[in-house]
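Given two chains presented individually in distinct reference frames, assemble the corresponding complex, making use of the accompanying hints.
Chains X and L, in that order, give the protein sequences.
Going by the numbering used here, the first sequence opens with residue 1, and the numbers climb by one from there.
Going by the numbering used here, the second sequence opens with residue 1001, and the numbers climb by one from there.
What the hints contain is simulated information worked out from the structure, not anything from laboratory work.
These figures come from a predicted structure and were not determined experimentally.
Some hints here could point you the wrong way.
[Claimed, not checked] Far from chain L, by Cβ distances over 12 Å, these chain X residues were calculated:
{"hint": "1", "residue": "A35"}
{"hint": "2", "residue": "T36"}
{"hint": "3", "residue": "K147"}
{"hint": "4", "residue": "P149"}
{"hint": "5", "residue": "K186"}
{"hint": "6", "residue": "L301"}
{"hint": "7", "residue": "E339"}
{"hint": "8", "residue": "L456"}
{"hint": "9", "residue": "K478"}
{"hint": "10", "residue": "F519"}
{"hint": "11", "residue": "D520"}
{"hint": "12", "residue": "G528"}
{"hint": "13", "residue": "L531"}
[What the hints assert, rightly or not] Computed footprint of chain X on chain L; a stretch qualifies when at least three of its residues, placed anywhere within it, have a C-beta under 8 Å from a C-beta of chain X:
{"hint": "14", "region": "1008 to 1016"}
{"hint": "15", "region": "1079 to 1090"}
Heads up, the beta-carbon is just placed ideally off N, CA and C, and yes, glycines get one too.
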Amino acid sequence: MGPRKAGEREMLESVYSMIALVFVLVACVELCDAATVVDVYRLIQYDISGVPFGSRLAALNHHAGSLHSAPGADLSRTVLIIPVRDLDISFVKEYITQRQPLGGLLFLLPRMFSFENRDDTKSSHVNQGELLKTVVAELEQLLIHAKIPYPVYFAFEDDDIDAVLADVKRNDAIGQPATATTGGFKLVVSASEPKKLASPTITNIQGWLPGLKTDGDASQLPTIAIVASYDTFGAAPALSVGSDSNGSGIVALLEIARLFSILYSNPKTRGRYNLLFGLTSGGPYNYNGTQKWLRSFDQRLRESIDYAICLNSIGSWDNELWIHVSKPPENTYIKQIFEGFSNVAEELGFGVGLKHKKINISNPRVAWEHEQFSRLRVTAATLSELFTAPELLERTGGLVDSRHFVNETAIVKSVKLVAESLARHIYGHQGKNIQIFADDSGLAVNPSYIRSWLDLLSRTPRVAPFLSKNDPFIMALKKELEDHTNEVNVQHEVLDGMFTFYDLTKARLNIYQVASVTFDLLLLLVLGSYLIVLFSFLVITTRGLDDLISLFRRPPSRKVKTA
Amino acid sequence: MTVFHFFNCAILTFGPHAVYYSATPLSEYDTLGTSVKAALVYLGTALVKLVCLATFLKVSENDSFDPYQELLKALIGFIDVAGLYFALTQLTHRNISQNHKFQAVGLGWAFADSVLHRLAPLWMGARGLEFTWDYILQGIEANANLVLSISLAALGSLMWLRKNKPKTLIPIIYACAVIVATMPSITSYLRRGLGWHLPKVVGFELFTSLVMAIISWQLFAACQRPSA
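Only chain L is shown next, with the shape it has when bound in the complex (with noise of 0.2 Å):
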C-alpha cells in the first residue's frame, strides 16, 4: 500500500523531533515558543539564501562539481550560521537555561528544515506505486541532520552565550563550528565531485553527525564545570 509507505516515510522525517521534544525535559519546561520562533528564523534565513543563490550563482548544464560555485554556495552557507546566531541571542525567550535554549532552537531548526526540504517530494513520491529506496535514504538523512543541528546550535550557543571559557578549548569550539557548518558544502562535493552514491552518502553524514554530536556534548560538558 503506497499511503502505507509514505506513513512509514514520514514518521522516518518527522518522528524523531516529536520524540526529542517529548523524551527530554524540553516538554516539561515547555519550550515550544522557542522552538517556533525557531523555526521562523530559519525559514527567513532560507528566503534570504536563496534570493543571494539566485542573484550570485550561474546554472550550470552538467552536474560536475564546480569549485569556485561550491566556494560560492559554502559562502552562502553561512548564513545559516548568522541565521543561527541570531535566533539564539537575539530572541527573547522565556526564563530557560542555557542547556535547553540550544536543544530547542537546535530542535526548531531541524524540525524547519525538514519540513521544507523533504515534505514536498515525500507527498509527491512516496505515494505513488513505484517503489524506491529513496524516501528511506531521505528519512535517515533527516535524522543525522536533526543531530547536527542540535550540535550546531550546542557550538553556538558556547560561543555567543557562555562568558567564561576555558582558553584551551576555545579554538576547538571554534573549529568543530567551522566543520559543522560547512557540512553541506561537504556532501554535495561527495555526491557531485566523488560521484559517491545516496546510501554512501547517507551513511557518512549519519557517522559524523554522530561524531560531531559526541565532541560537542564532551565541549559542552566541559565547559560547565567551573574552570579550575
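With the rest of the complex left out, here is chain X (with noise of 0.2 Å):
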C-alpha cells in the first residue's frame, strides 16, 4: 500500500512537470516570421554637457498608424510612419515641443537621399529635391536639437513598407486607429537599451611633403598647409555620408596631394616649400581634433607654417567660392593670398570673395577650421562654399547631403583655383599667365580619381565616435596619403568630455500584420457553436433525438427505480 502510493505520487510529479514544461514551450512565442522586415536607422542620441539631446530609446513595439488618424486621438501606444514627402513639419514641431507622448516615429525618406541607389538626376528631380532637401535639413536640424522619450527611425521607401502605409492610412480614415482590440500592423524592433560609448577617438592623419633643401639653406624650409576634416555628424549616422560636407574636401585635398607629388617626385621640379596635407577628425565639435593636431606640432613646425588653406564644402557651387578669413582683410599676408586665388579664379572664369569674421577667444564656438590656427597664431584661411558660417551641429554632412546633389565639376575648379594658386606661390610665378595644371597635360586634374573617391565618400557614413582606432576607412586614407606623400603619421586622440554618444545606430524593423483580440474571441465562438452543432447532429442520427434530450435531464430518482 506505502509504496505504491509513493510510486504514484512521483508519477504525478513527473507529470506535473511534464505539462509546466509544455506550458512553458507554449509561451515561447517565436518573433521571426514577420511579412516584412525594412533596415531602419536610429536617430542620433547624444548628451552635450550632460544636457540629453536626440532619442533617448531604441526597442520599438507599438501599433502603426499614420498622420490621417484623428485629432486629438491617443497616440501614446502608436507609431507614427511618415513619409518625408507629405511632411507637415509644423506638425511634428507641435508635437516634439509640447511633449506629447508618442509610442515612436518612423519617418520614410524618398530613394533618392539612399546611396545604394544611384539613378540619372533628370531635371523634374532636380526641382523636387531642392523642395524635399529644405524640408529634411530642417526636420533634421528640430530632431537634432530636441530630446525625445521615444524612438525615432529612418527608413527608405519601397514597395513593402509603401504598401503597408497605404493599408494603414485606410484603417486611419474609415476612423479605426490600430490598437489591440481592432488590429492592422505592429511595428517590431527588438533591441536592448542604447549603451554609452566609452572614450570616442578621433584620428588625424597627416601627409608631409618636404621641399627641395638646397646645401645652403641652414634655416627650416616654410610650409603651407592644406587641411580638411572628414568626420561627419547627422540626424541618422548611419546615413550621414556627408558627401559635399566636407567629402568634396577630401576629394579635393587627395587630388591636390596627387598632382603636388607629381611635381615633388623630380627634384628638378620640387618647390622650396614644404608641404603638410592634413585630413582631420571631430570637425562637428568645434573642430577639436584640429586643435590637438595642432597642440601636438613642434613649435619650429608651427613657426614654420606660412599659411594654411583649409577646404569645407567645395561640392555644389556654380560660379562663386567664399575666402574667410579671421585676421583683418588690410593684413598684407591675407591680401598676397586672396589676390592670389582670385588672379587664378578670374582666369578659370568664376570669382572669389573675401570674407572676414572675427574670432572670440572666450567663446568656445569655432565655426571654420581656419579659427583653430588663428588661435595659435598661424594665418590661415578657409575656402568653401559657404556665405556664412554654420551654427553647431549644421551643415555637417547629414540626411540631405547625398551624392545627388554634388556636383563633380565645381569640385574639379576648386581643385584647379587651389593648386594653381599654390603653385604660383612656391614656383614664384605670381601674376604671370602660366598654367601648371593644364589639361590634356600630365598634371591635368583628373575627374575620374575625383569622382570614384567621391563615390566612395557617399557610401560610407563618418561619425566619428563610431569609427574605431583601425577602421577599414581611416586605413584607406592612410594608404592614399602615403601613395601621394613621404611620410604619413596618425594620432588618435579622445573626443572632448564636452560630447558624449550611445551606440545603436541600425535595426531591422519587423511589421506583423495582426488580428485583434475581437476577432480571435469571434472565431472562438463560431468554432464553439460549430462544434456543439456537430455533437448534436452526430447524436441525432446515429442514437436519436431522445439520447440528446436525456444528456440534460438529470437522471430518474432512485426511489422511482426501487418501485
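See below:
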C-alpha cells in the first residue's frame, strides 16, 4: 500500500513537470516570421555637457498609425509612419516641443537620399529634390536639438513599406485606429537599451611632402598646409555620408596631394616649400581634432607654416567661392593670398570673395577650421561655397547631404583653383599667366579619380565616435596619403568630454499584420457553436433525438427505480 | 493573442474527431482500441509511401503540373487504400459490429492524417504574431478529410467485409471508392494545374466530401437491407 502510493505520487509529479514544460514551450512565441522586414536607422542619441538630446530609446513594439488619424486621438501607444514627401513640419514641431506622448516615429525618406540608389538625375527630380532638401534639413535640425523620449527611426521608401502605409492610412481614414482590439499592423524592433560609447577616438592623418633643401639652407623651409576634416554628424549616423560636407573637401585634398606628389617626385621640379596635408576628425565638434593636431606640433614646425588653406564644402557651387579669414583683410599676407586666388579664379571663369569674421577667444564655438589655426597665431583661411558660418551641428554632412546633390565639375574647378594658386606661390609665378595644371597635360586634374573617391565617400558613413581606431576607411585614407606623400603620421586622440554618444545606430524593423483580440474571440465563439452543432447532429443521427434530450435531463431518482 | 489563435485552429483541426468519437455510439462500445490501431496502420502506410515517393519521383524545379509525376503519385496513393484494407480486414478487433468498425477505423485514420500533416505547421506558424488565414483553411480541410476518410472506410468495408451485396450496386461502390481514393491527386491538380487558390480548393474539398459521404451512406444503407 505504502510504496505503491509513493510510486503514484512520483508519477503525478513527473506528469506535473511535463505539463509545466509544455506550458513553457507554448509561451515561447517566436517573433521571426514577419511578412515584412525593413532596415531602419536610428536617430542619434547624444549629450552635450550632460544635457540629453536626440531619441533616448531604441526598442519598439507598438501599432502603426499615420498622420490621417483623428485629431486628438491617443497616440501614446502608436508609431506614426510619416513619409517625408508629405511632411507637415509644423505638426512634428508641435508634437516634439509640446512633449506629447507618442509610441515612436518612423520617417520614410525618398530613395534619392540613399547611397545605394544611383539613378541619373532628371530635371524634374532636381526641382523636387531642392524642395525636399529644405524640408528634410529643417526636420533634421529640429530632431537633433530636441530631447525625444521615444524611438525615432528613418527608413527608405520601398514597395513593401509603401503598401503597409497605404493600408494603415485606409484604416485611419475609416476611423479605426489600430490598437490591441482592432487589429492592424504592429511594428517591432527588438533592441537592448542603448549604452554610452566610452572614450570615442578621433583620428587625424597627416602627410608630409618635404621641399627642396639646397646645401646652403640652414633654417627650416617654409611650409604650406592644406587641411580638410573628414568626419560628419547627422540625424541618422548610419546615413551621414556627407558628400558635400566634407566629402568634397577630402576628395579635393587627395587630388591636390596627387598632383603635387607628381611635381615633387622630381628634384628639378620640387618647390622650396614643404607641403603638409592634414585630414582631421572632430570637425562638427568645434574642430576638436584640428586643435589637438595643432597642439601636438613642434614649435618650430608651427612657426614655419606660412599659411594654411582649409577646405570645407566645395562640391555644389556654380559661380562663386568664398575665402573666410579671421585676420583683417588689410593684413599683407591675407591680401597676397587673396590676390593669388582671385587672379586664378578670374582666369578659370568664376569669382572668389573674401569674408572676414573676428574670432572671440572666450567663446568656445569654432565655426571654421582656420579659426583653430588663428588661435595659435598661424595665418589661415577656409575656402568654401558657404557664405555664412554654420551654427553648431549645422551643415555637417547629415541626411540631405547625399551624392545626388554634389557636382563633380565644381570640385574639379576648386582643385584647379587651389593647386594653381599654391603652385604660383611656391614657384614664384604670381601674376604671370602660366597654367601649370593645364588640361591635356600630365598634370591635369583627373575627374575619374575625383569621381571614384567621391562615390566611395558617399557610401561611407563617417560619424567620428562610431569609427574605431583601425576602421577600414581610416586605413584607406592613410594608404592613399602614403601613395602621395613621403611621410604619414596617424594621431589618435579622445574626443572632448563635452560630447557623449550612445550606440545602436542600425536595426531591423519587423512589420506584422495582426488580428485583433475581438477577432479571436469571435472565432472561438463560431468554432464552439460549430462543434456543438456537429455534436448534436451526430447524436441525433446515430442515437436518436431522445438520447440528446436525455443528456440534459437529470437521471431518474432512485425512489422511482426501487419502486 | 497568438497562442489564442493557435488554440482556435487546434480545436478546429482536432475537435471534430473528438466530437465524433463522443457523439456517436463509438464511445459506448469503447472502440478506442480500434481507432488507435488504425492510426498506427496509417503511420506505417505513410512511411511506406514516403519511401516509394523518394525512390520513384524526381524533384521538379518549378511548381507546375507534370502529368506523369502526378500519375505516379496517384499510383503511390493507392498504397493508402492497401493500408486501409489491412486495417479493416487483417487486424483483430474486439467484437464490434460492421457499422462501428468502419467508423472507428476511418476516425483513427483521419486523426493520424491530421496530426501528421497539420500539427507541425500549426505549431510553428499559428503562434507567431503575423496573422494569415492559412491555418483556419487548413482546419476546414482537416474536417473535409475526416468526412472523406470515413466514407472511404465505409466503401472499403462494403467491398471487403460484406459478402452479400446487391449485384447492381457493386460497380457503383467501386467507382465511388476510386473517386475518393484519388481525391488527393485531384486536389493537387486543381492547385497546380489550374492554379486555384487555397480557399477555392478547400471549398471544393468540402463539397465533394459531403457529396461522397451522402452517396456512401445511401450505399451502405442499401446494402444493409436484406436483399430481395
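* Hey, does X:K186 actually stay past 12 Å from chain L on C-beta? -> violated, 6 Å
* Asked: If you look at each residue in the region 1079 to 1090 of chain L, do at least three have a Cβ nearer than 8 Å to any Cβ of chain X?
  -> Answer violated; 0 residues pass the 8 Å Cβ test.
* Grab the minimum beta-carbon distance between X:L456 and chain L and tell me whether it stays above 12 Å. => holds, 39 Å
* **chain X covers the region 1008 to 1016 of chain L, three or more CB atoms within 8 Å, holds or violated** => holds (count 5)
* To do: Examine each Cβ of chain L, and state whether all of them lie more than 12 Å from the Cβ of X:K147.
  => X:K147 is indeed farther than 12 Å from all Cβ atoms of chain L, at 31 Å.
* Over 12 Å to the closest beta carbon of chain L is the bar; see if X:L531 clears it. => Per Cβ check, X:L531 is inside 12 Å of chain L; nearest 5 Å; violated.
* X:E339 and chain L, when compared Cβ to Cβ, separated by more than 12 Å -> holds, 69 Å
* With 12 Å as the threshold, tell me whether X:K478 passes as away from chain L on beta-carbon distances. => holds, 47 Å
* To do: Could you check that no beta carbon of chain L comes within 12 Å of the beta carbon of X:P149?
  => holds, 25 Å
* Should the label of X:A35 as a non-interface residue stand, given a Cβ cut-off of 12 Å to chain L? -> violated, 6 Å
* Would you assess whether X:F519, listed as outside the interface, keeps its beta-carbon beyond 12 Å of every beta-carbon in chain L? => Check fails; 8 Å does not lie beyond 12 Å.
* For X:D520, is the shortest beta carbon distance to chain L beyond 12 Å? -> violated, 5 Å
Checked against the numbered hints given earlier, the structure breaks hints 1, 2, 5, 10, 11, 12, 13, 15 and satisfies all the rest.
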